[in-house]
Amino acid sequence: MKKLSSIFFILIGLFLITSIPVLAEEAAQGQSAVAVTTAAPAIPAAQDVKIRLADPSGISTGNTSDITAAKPGSPTTGEITDAIGHNKIAINLMWTLITGFLVMFMQAGFAMVETGFTRAKNVAHTMAMNLMIYPLGMIGFYVCGFAIMFGGMGALGTLGGYAGLDSEFTISLFGKTFGLIGTKGFFLNGVYDVGVFGLFLFQMVFMDTTATIPTGAMAERWKYASFVIYGLLVGSVIYPVFGNWVWGGGWLSTLGSNFGLGHGHVDFAGSSVVHMTGGVIAIVGAKILGARIGKYNADKSPNAIPGHSIPMAVIGTFILAFGWFGFNPGSTLAGTDLRISVIAVNTMLASATGAFAATLWMWWVRGNKPDPSMMCNGMLAGLVAITAPCAFVSAGGAAVIGLISGVLVIEAAFFIERKLRIDDPVGAIAVHGVNGAWGCIALGLLADGTYGDGWNGVAGTVKGLFYGGGSSQLVAEIIGVSANIIYVGIISYIIFKLIDLAIGNRVSPETEIAGLDVPEMGVPGYSGVKLDPHSETPFSR
Amino acid sequence: MKKIEAIIRPEKVDDVLAALEDAGYAGIMITEIKGHGKQKGITQQWRGSEFRISLLPKVKIEIVVKDADVAKITKTVINAAKTGNIGDGKIFIYPVDDAVRIRTDERGDVAI
Ligand SMILES: Nc1ncnc2c1ncn2[C@@H]1O[C@H](COP(=O)(O)OP(=O)(O)OP(=O)(O)O)[C@@H](O)[C@H]1O
Ligand SMILES: [Mg+2]
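Sequence order for the protein chains is A and B. Per my numbering, the first sequence starts with residue 1, numbered consecutively. Per my numbering, the second sequence starts with residue 1, numbered consecutively.
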């Protein structure tokens, strides 16, 4: 506990030291900006404005007199085009913020899926991890994650064109430039711009999606103090470096312009950046933690450890599917990019075929009942897989991607449980890791060449192997997937090992058997409810 | 005097109580219990793995009756509790030495 509180105070101290001088400077900047713009919205003289009648139909509300003009009611061409430009950016910023709010709500979905799939004696602990990952991840992203990821991304095309995120640390190899990390925007300092703040909100909730994935795979045995340290590091270090490589102008995004590999590693909304990263952290973390007591018998065969609330998990799955309408369509960062309808439809189609395939696969091939928990995993697998290709594939492509993901998630979950013998209570590794990789590869195969002209600075649309694009886009996707496994695998291994040395990652066996709620959190999640230990503890043989 | 102890399905409790009432018997006690018979519980499935729930919820009904009524009450319980499927339950019959109605000090058959 002492260690934790000192980390917290050091953070606060850092924040104060770095931000005080800049606060003053930016306040001054703000002043001058106000001075420039006050000319425009001067209150018009009363005689210039037509008295507006009530408009119950709404047809005539919003007209020339709403355009800001020096002479109200008779705007100049310049004033009209300014208004149009301002409206376009307003639509884009509003879209980015609202879809960001939807993605934020996915935190609730994750909390419910993970808690529903785990045992009643651990609900306070699982919920507490899901609650605190949001602030912990955010603090890390605010301190340095955002700067590392986007400090060198260049001008904000859809959010007003501000070009202040202009500082990327690069190295030169084979005569080419490789961007590694951004170096501007620590504590959001020096980038006091509405577009940047919109981008921060949207990207912050994406990062927190990654951050909350491992809490499911590592549930029911992870020491809370270890989790807190992880929570600060995922948003500040683990996530943003790979994010920079793909979305911040780093080396994976320039594989196309540098080496002619398609459009570089293309990941529209984060199959690799968000989901694979979470899945790879999850598999490393779950492996290091080891299986829950009772999961494996002496002969290494697995036992089922049923989750305590399927209703909770199903509602959580729906919240996630709803939030995904923010995740994918929002990743245009532009409400004026009308591809959003294609993206939204592709997203929902893949979720349907993913859930359907998983249901049938369990029912007819792998079990004898259609298993609700695998239905949830199947729907989520479809969503994860369509996340990278959602903007680049046809409706048929999206349906096929989902269909395959639904089978893949089950086979992967069995492989992880029975062959690798890694205990993942909720299936996070199969859903996010495996299907994140599948989503990127699917893009390399199925991008249909109707979208993405000029993506990552490469002329022409994004085309996959099956649509006459050759294999170069697929190769770029495979490089991105491999880079993710290597980088995220190594950094999370180092971080978990260091935390283990410092304070230990795993709770004591007594705590685990009693349930983590009271020993770790001080309170049972279901206070006053008599739990039935017999119904939730399997027999180890 | 005998005690009839019937272990029945929880969802059959209402039927059995109604049948006993029709047969004119008021004295009864019930307890929620868990147990298993010769199948040793049931198998359920979670994420493709089967697991055994070895103790299932049942209800224990105890009725103390006159020796002459044992056959009739036992028959009543059987008729009301039977579904014909495994897990329908069991009936055990024990001898009872005596009974006392606390309010009146009455003993024996009149006390039950
Ligand atoms: N020999 C016994 N001793 C004590 N309780 C018993 C015994 N047999 C059964 N019970 C109780 O009765 C309940 C119901 O038993 P059940 O009807 O399953 O018996 P069974 O012998 O398995 O018959 P069936 O084949 O019809 O299922 C059990 O859950 C247990 O509580
Ligand atoms: Mg039986």
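In short, the hints are calculated from the structure, not lab data. The C-beta atom is built at its ideal place from N, Cα and C for all residues, glycine as well. Be a bit skeptical, because a hint or two may be false.
[Stated by the list, open to error] 27 Å max Cα-Cα, derived DSS-like pairs, lysine-lysine: (1) LYS75/B to LYS60/B; (2) LYS530/A to LYS300/A; (3) LYS3/B to LYS75/B; (4) LYS72/B to LYS2/B; (5) LYS300/A to LYS40/B; (6) LYS2/B to LYS82/B; (7) LYS369/A to LYS34/B; (8) LYS60/B to LYS3/B; (9) LYS90/B to LYS34/B; (10) LYS2/B to LYS66/B; (11) LYS90/B to LYS369/A; (12) LYS369/A to LYS40/B; (13) LYS60/B to LYS34/B; (14) LYS71/A to LYS287/A; (15) LYS40/B to LYS530/A; (16) LYS3/B to LYS90/B; (17) LYS60/B to LYS2/B; (18) LYS300/A to LYS176/A; (19) LYS530/A to LYS60/B; (20) LYS287/A to LYS300/A; (21) LYS295/A to LYS40/B; (22) LYS530/A to LYS34/B; (23) LYS38/B to LYS60/B; (24) LYS38/B to LYS66/B; (25) LYS295/A to LYS34/B.
[What the hints assert, rightly or not] Some chain B residues judged to face chain A by a derived CB distance under 8 Å, without partners named: (26) TYR25; (27) GLU32; (28) GLN39; (29) GLN45; (30) TRP46; (31) ARG47; (32) GLY48.
[Claimed, not checked] Sample of chain A residues facing chain B (criterion: CB under 7 Å; computed from the structure): (33) ARG366; (34) GLY367; (35) LYS369; (36) PRO370.
Do the hints match the structure? See the list:
no.: 1; hint: LYS75/B to LYS60/B; in the structure: holds (16 Å)
no.: 2; hint: LYS530/A to LYS300/A; in the structure: violated (32 Å)
no.: 3; hint: LYS3/B to LYS75/B; in the structure: holds (14 Å)
no.: 4; hint: LYS72/B to LYS2/B; in the structure: holds (13 Å)
no.: 5; hint: LYS300/A to LYS40/B; in the structure: holds (24 Å)
no.: 6; hint: LYS2/B to LYS82/B; in the structure: holds (22 Å)
no.: 7; hint: LYS369/A to LYS34/B; in the structure: holds (26 Å)
no.: 8; hint: LYS60/B to LYS3/B; in the structure: holds (12 Å)
no.: 9; hint: LYS90/B to LYS34/B; in the structure: holds (13 Å)
no.: 10; hint: LYS2/B to LYS66/B; in the structure: holds (6 Å)
no.: 11; hint: LYS90/B to LYS369/A; in the structure: violated (31 Å)
no.: 12; hint: LYS369/A to LYS40/B; in the structure: holds (22 Å)
no.: 13; hint: LYS60/B to LYS34/B; in the structure: holds (9 Å)
no.: 14; hint: LYS71/A to LYS287/A; in the structure: violated (69 Å)
no.: 15; hint: LYS40/B to LYS530/A; in the structure: holds (24 Å)
no.: 16; hint: LYS3/B to LYS90/B; in the structure: holds (14 Å)
no.: 17; hint: LYS60/B to LYS2/B; in the structure: holds (16 Å)
no.: 18; hint: LYS300/A to LYS176/A; in the structure: violated (50 Å)
no.: 19; hint: LYS530/A to LYS60/B; in the structure: holds (21 Å)
no.: 20; hint: LYS287/A to LYS300/A; in the structure: holds (15 Å)
no.: 21; hint: LYS295/A to LYS40/B; in the structure: holds (22 Å)
no.: 22; hint: LYS530/A to LYS34/B; in the structure: holds (15 Å)
no.: 23; hint: LYS38/B to LYS60/B; in the structure: holds (18 Å)
no.: 24; hint: LYS38/B to LYS66/B; in the structure: violated (31 Å)
no.: 25; hint: LYS295/A to LYS34/B; in the structure: holds (25 Å)
no.: 26; hint: TYR25; in the structure: violated (32 Å)
no.: 27; hint: GLU32; in the structure: violated (12 Å)
no.: 28; hint: GLN39; in the structure: violated (16 Å)
no.: 29; hint: GLN45; in the structure: holds (5 Å)
no.: 30; hint: TRP46; in the structure: holds (4 Å)
no.: 31; hint: ARG47; in the structure: holds (5 Å)
no.: 32; hint: GLY48; in the structure: holds (5 Å)
no.: 33; hint: ARG366; in the structure: holds (6 Å)
no.: 34; hint: GLY367; in the structure: holds (5 Å)
no.: 35; hint: LYS369; in the structure: holds (5 Å)
no.: 36; hint: PRO370; in the structure: violated (10 Å)
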